[in-house]
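> Below are the chains, spelled out letter by letter.
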Amino acid sequence: MAYKPNMQKTKTPVTEQEPAVRARNFKEVCLGYTEAEAMNEATRCLNCSTRPCVSGCPVSVRIPDFLAKIREGDFIGAYAIIRGTNSLPAVSGRVCPQERQCESKCVRGKKDEPVAIGRLERFCADYAMNHPDEAPKTEKPASNGHKVAVIGAGPAGLTCAGDLAKLGYEVTIFEAFHTAGGVLMYGIPEFRLPKAIVQHEIDGLKALGVNIMTNMVIGRVLSIDEIMSDGYEAVFVGSGAGLPRFMGIEGEGLVGVYSANEFLTRTNLMKAYLDEYDTPIKHGKVVAVVGGGNVAMDSARSAMRLGAEKVYIIYRRSMEELPARKEEVHHAIEEGIEFMLLTNPVKVTGSEDGRVTGIKCVKMQLGEPDASGRRSPSVIEGSEFDLDVDTVIMALGTSPNPLIHRTAPDIEADRRGCLIVNEETNRTTKVGVYAGGDAVTGAATVILAMGAGKKAAASIDDYLSGKNAD
Amino acid sequence: MFKILKRKQLNDSVVLMVIDAPFIAKKALPGQFIIYRTDETGERIPLTISDYDREKGTITIVCQTVGGSTMKLAALNEGDSILDVVGPLGTATEYGEVKSVAVVGGGVGCAIAFPQAKALFNAGVDVQLIAGFRSKELVILEDEMNAVSTGFHLCTDDGSAGFHGFVTDKLRSLIEGGKHFDLVIAIGPVPMMKFVCKTTEPFGVKTLVSLNPIMIDGTGMCGCCRVTVDGVTRYACVDGPDFDGHKVDFDELMRRNSTYKEEEKAHVCRLTGGVR
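Protein chains in written order, with the working numbering: chain A, 1 to 470; chain B, 1 to 276.
Any given hint could turn out to be false.
Unchecked claim - Within a straight-line C-alpha distance of at most 27 angstroms, the following computed DSS-like cross-link-like pairs (lysine-lysine) qualify:
1. 111(A) - 326(A)
2. 26(B) - 430(A)
3. 247(B) - 179(B)
4. 6(B) - 136(B)
5. 27(A) - 271(A)
6. 110(A) - 69(A)
7. 206(A) - 147(A)
8. 140(A) - 206(A)
9. 27(B) - 430(A)
10. 27(B) - 147(A)
11. 247(B) - 347(A)
12. 6(B) - 27(B)
13. 271(A) - 285(A)
14. 285(A) - 261(B)
15. 347(A) - 261(B)
16. 310(A) - 285(A)
17. 347(A) - 285(A)
18. 347(A) - 360(A)
19. 261(B) - 271(A)
20. 285(A) - 265(B)
21. 166(A) - 137(A)
22. 3(B) - 27(B)
23. 3(B) - 271(A)
24. 3(B) - 206(A)
25. 147(A) - 26(B)
26. 261(B) - 310(A)
27. 265(B) - 271(A)
Treat the hints as calculated values from the structure; they're not laboratory data.
Next comes chain B alone, as it looks inside the complex (with noise of 0.2 angstroms):
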């Protein structure tokens, strides 16, 4: 059983939750992730790890709901546990020699994005942090992005906060303005990762993406969660979940992730007390 010592609601769909898990604690590093089940009856669903602190033993997840079992988890409070959580899992992310990085972050993907800018902030790196969202109603870790980041430059799609516009026409002007950029880390839905990539490439700036297709295991077992990089066969638990984006096929990605999209209306159906 882990423990939930700490929870947070972000904006209306998205949940902070530090969860006492000190082997995971010990271990985890920016990139990897964990997967959870909240009871016996749940699935094992995969969250990126926001963050850890060694010493108190404590990880951090942010989860948005979107589906039945992350309804099920974002219904526990302080002091209930979840039921398993294990990781943490993937490979930590890799960044080469790199001084000058753009961490660009999408919805809830800014509490992955925001792990990315911390180590790199803090290895002297300057990062310029873009984070989108569709309104300000939206925005979270406002002032923890802003932390970690040389720039922080909150996006909006309808302009009621920061930029007025997508992620990508900020990336574009930075480079376009002479801003250079060893990298480029994208993490976010995957059409956005998608068009970040379509973005970087014709500047060659090199892009890594942090995919998250449907898994089980996670541990390098079942093949759920395979993904064409380069048109190979790869596996996002084991061999990922970071990937060259100018590699990776995102449209078949997207056809994947729905493989379930009718069984999870029936789901949240179910646990809403809806009709099935």
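In isolation and in its complexed conformation, chain A is listed as follows (with noise of 0.2 angstroms):
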């Protein structure tokens, strides 16, 4: 019997807490769907022959194939494809900007809403979860001899590793904090990314024979060259996002002023919300971030729940402009978040004893679009104002982690830090050492750390199994 698309014109609506409950606790916002609601969103697909969604994904998901599993009912199935070619889809299911992936090339999309890719994705990853007597049991491969050291536990370097692991490589990675994971776990909140959905993913990669060891700060406990005279024949460095970037106005050192890094790091690595964890934090009762990425609205909606009465984004374009994921944007205007657009703030102001007490901020334009692309916005004369806040939080960005290129300078960097590597390798300028990720783009998205370890992969095969020896 020929398949016959379901024409319903907008996605099958997926549960989620109230706002107005959610905003004040930390657990996750989307509750996904069940299966009924997923088998009943994957017949929105046409399965069209030309399959532009695959060409959306920077880890090429089969989505076509998965979904038609998933009208099958065989979800296990479903999640089997997903796995072939993405080591984590529980996490890029509920963190990807599929809007302006697979979602944005989705047929659908040009008259209706597209498929669902992204809820699909994390339903499949869910189920599987959940059902882990009907999940084909991991093993770990046979060993092909050769050692391979992955540097950082987030994204890239756990894409790197489970994809190599899989070819019978035996994976080290080395990781720096005490638990593995990095930006998924230090800087993704819970309520937007479950801590043990994390876990859970690594435990997976445990599972095909990667060995993790934390607290080991490569740079500094080792060095790149000493990994590589222990036997390791190759390197992925994926080292992530470094030092935060203030705005260099007056009053950022002042008492009540975070990094969006450091404020995430105290709420999700910490768990400074848990009554039970050491870590403090300060629960600002009126609190502005600065910036409009995901790190921004994280930083935001994690302020709301820690108790404030008011929380604003301060971002110096307009709403189209925010670089932030839409649902994300969505979700944070639905928990009481204020927009303050086209804003900028000059000065943070503080008390005798050095607390903040205020942002003075002055109103934007947008202009011409500048070298980015972007309108750039210029000061409106004379537009200046003061706002009340206790907490200032600066989402404006990282640039990559310094310790690798001070302590290995025959891997070069750019003058911003960026290791630079060969676009179609992920090579670095060391033999041997490959790299991708925050170190290499610095701050960017979740998924496209994912591909660079996932091309870094392959790339160390070739190099390893003498196809493209270099």
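Dock chain one against chain two, each of which comes alone in its own frame, and use the hints as you go.
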């Protein structure tokens, strides 16, 4: 019988916690599809022959194939297809900017809403996690005798390690923190990406034979040369985000000014929101978050959950240019975050004892598009105004982690500190050393880091199997 | 897990621990630090490495109980383990070409001044070690410091042992007495470091300080440990912890270090069973 797609115009709705309730807890916002909802949504796929969605995916998930399995009710089969190219499906299903990737290419999206590919990917991953008896057992592949080191257990490193382990490489990940996961653990909040899910994905990699050594800061405790002389034939550097950017305005040293990295690390990795954990955090009453990316949204929504009465997002451009994922902006608005757009801080003001009392801002207007293609903002003269706040969180991006480049000068970086790699192979300027993720691009997305880890894994395999000795 | 091989109470509130940490011991240099986390709910707390033994694979840390997380560490015994220890972090101290150095330690800071003095002394440098404490009962590592200095000057605020006065008084009297120093290294409470710098500035003696801002990751990620040096934002975990003391904004550092004073009180109450 020929397949007949369901022409329902909008995505099958997904259950979410009520905004007023969730804005005060750290539990996951989106509760995910039921089996019936997932099967219904999967029938919205036209099963077109051109498969544009696949080309929109940085890790080339065979999307129409897994949707077909969902329609058959074979959720484990669907999961296996995703897992074939994506080592972290429960993660990417939750945090990918699908509207700019797979879903942006969906043919259904031309007239109606695209198929909810992200929600379906998450559904399959959650189903497999909740039905361990049905899921095929992960087995450690036979070793091919080659040892590879991965630096950093974030999305790039985990993906690279997973792909190499599947090919039989003996992979050791060196992680600086006490916990593997990188930004998935320290950055993205529990309400968007539960840590138990990240841990489950990491456990899956361990089952493949990946060895993870925590508390190992490469560049300090071991150098890359030492790792290579210890029998590792190739190294992947996925050392991630580094020092946060500040605005360089007066008052950024006051008590109550956080970088988003610090605020989120305290909250997520160190669990400052739970009473039984020792790490302190300021529970600001009125909080200003400066910036418009996903990290800014995460910071604002975390501040709200920590008990703030009022949370502002201060962004110098307009809603159109906000770089955050659409769903996060939508969720933030629902939760009562106030967006002060076309606004830019010029000074953080403080009390005599050095604590934040407010933020002085100016209004902005948009001119012609700049080099980045975004309309460049300029100050409206005489528009200065004060906002009373007790906490300021700077979410302005980061530069790559400085440690690797500083301690391995033969791995070259550009003037921003981003490691230089060959775009085809992700190889650095040092033979046998590859890199990807924020260490190369500066602050970007989880899925782009995963894509880079994947590409590097393929290059390392080429290199070590002698197909392309360079 | 990192096993505590030896534990010694140095005074009522200061404890020394030798920890099995072979990777760290292999690389540690004076001036570098570790971050520890006692257990799953613990904070990440930086502590400077006080000594290391590359052959035995051990490091020594000295910790003063000032709040909940240091209390948790001090409560551990020989044979117990610390869940996480990461290091060596930070940049090792760069002394430059020196022949004569004053190493100034204040209180528990002496535990960190000690490895500096030891490294310099072993390199044949004239080391005048000035160690200050509030009173006699608080003196730690006296013999150890004495053994790694050409001149050892114990000072107490109340005169109950050694020179009666502050380390700054002693330092000034040495300089004014004609002693030439190529470098002064000051390690201790922030106000002490600030005043050592004020003391050396008029004489134009280069002064290194080891800063102790609040940290989380310690690897150049979170930005918590930022300090203003010569008007520029620097990060103690990767750019430091040593900086040119004449350029440090100590007042900002003191304010930032008091960020969690209120929260810390509540934390200690919780651990000691007090009212929250």
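> For the pair we were handed, residue 347(A) and residue 261(B), check the Cα-Cα distance against 27 angstroms.
Roughly 25 angstroms separates the two Cα atoms, so the pair holds.
> CA of residue 6(B) to CA of residue 136(B), is that 27 angstroms or under?
Holds, at roughly 25 angstroms.
> With a cut-off of 27 angstroms on the C-alpha distance, tell me whether residue 271(A) and residue 285(A) pass.
holds (19 angstroms)
> Mind checking the alpha carbons of residue 147(A) and residue 26(B) for me, to see if they're no more than 27 angstroms apart?
holds (23 angstroms)
> Below or equal to 27 angstroms on CA atoms is what counts here, so check residue 347(A) against residue 360(A).
holds (5 angstroms)
> Taken at face value, is the distance from the CA of residue 310(A) to the CA of residue 261(B) at most 27 angstroms?
Distance ~24 angstroms between residue 261(B) and residue 310(A) Cα, so the pair holds.
> Given the hinted pair residue 6(B) and residue 27(B), is their alpha-carbon gap at most 27 angstroms?
holds (21 angstroms)
> Is it true that the CA of residue 3(B) sits at most 27 angstroms from the CA of residue 271(A)?
Holds. Residue 3(B) to residue 271(A) sits at ~25 angstroms (cutoff 27 angstroms).
> Assess, step by step, whether the Cα of residue 347(A) is no farther than 27 angstroms from the Cα of residue 285(A), and give holds or violated.
holds (19 angstroms)
> Need the status of pair residue 166(A), residue 137(A): alpha-carbon distance at most 27 angstroms?
Roughly 13 angstroms between the alpha carbons, so the hint for residue 166(A) and residue 137(A) holds.
> Between residue 27(B) and residue 430(A), is the straight-line Cα distance small enough, at 27 angstroms or below?
Within the cut-off at roughly 23 angstroms; holds.
> Starting from residue 3(B), check that the Cα of residue 206(A) is at most 27 angstroms away, please.
The given pair, whose Cα atoms are some 25 angstroms apart, holds under the 27 angstroms limit.
When each numbered hint is compared with the structure, no violation occurs for any of them.
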